[in-house]
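Produce the entire structure from the sequences given, and follow the hints as far as they go.
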Amino acid sequence: MAVDQEKKPSARKTPAKKPAAKKPATKKPASKRVTAKKSTPAKGVDVKKTTKAKPSAPLKAGATRAAASQSNAATDLKDRAINKARSTANDGKAKAGEAIGTLSEMIENSAKTIDENVGEKYGDYARSAADSVSSFAEKVNAKDVDEMVEDAREFVRKKPAVAIGAAAVVGLLVARLIKSGMDDRS
1 MAVDQEKKPS ARKTPAKKPA AKKPATKKPA SKRVTAKKST PAKGVDVKKT TKAKPSAPLK
61 AGATRAAASQ SNAATDLKDR AINKARSTAN DGKAKAGEAI GTLSEMIENS AKTIDENVGE
121 KYGDYARSAA DSVSSFAEKV NAKDVDEMVE DAREFVRKKP AVAIGAAAVV GLLVARLIKS
181 GMDDRS
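Residues in the sequence shown are numbered consecutively from 1, following the numbering used here.
These are calculated hints, taken from the structure and not from any lab test.
Taking lysine-lysine pairs in the DSS-like style, the calculated list, with each CA pair at most 27 Å apart, reads: (1) K143 to K93; (2) K84 to K139; (3) K95 to K179.
Quick list of simulated restraints, FRET-style, between CB atoms: (4) N109 to S71: 52 to 62 Å; (5) S135 to A168: 21 to 31 Å; (6) D184 to A161: 32 to 42 Å; (7) R157 to E116: 43 to 53 Å; (8) T102 to K143: 14 to 24 Å.
The beta carbon of each residue, even a glycine, is placed where N, CA and C say it ideally should be.
Shown next, in the form of structure tokens:
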């Protein structure tokens, strides 16, 4: 009977293996790239690292020198222009301070005439106006041009509408002065 058992297929059947479900492939982030490891010298070995500047090509050096000289020339020209503008502004500031001081004196002198002709009340108005103009002249003379420019910028930031209106009035006055000067020459 032993032979019969060998010939008979076993009652047990092994189940067929199902193929495993594939997982979707995931991409590795670019930051996880494999980098080559740097080799390190063995212990006791002295390694000296030296870097030498490579000589540049003659054309490149010449171009660099030319660019540097042009840059220096531009910087010198810019510095001269700034210095000239500052000296001109300082001269103009001094003349404006003198003119405002003269205007203050004129208003003060006319205050006496106003007292006699119109009344002391209006003369006092003229004197207070003369004092205001005089203090403005002192402020102009005391400040540097750079401080005045910064004050003007701050005023424009705080009150842009007033600044635009004042610029329009000044522009009209300058245009009238230029036009009247051209008419006189004709």
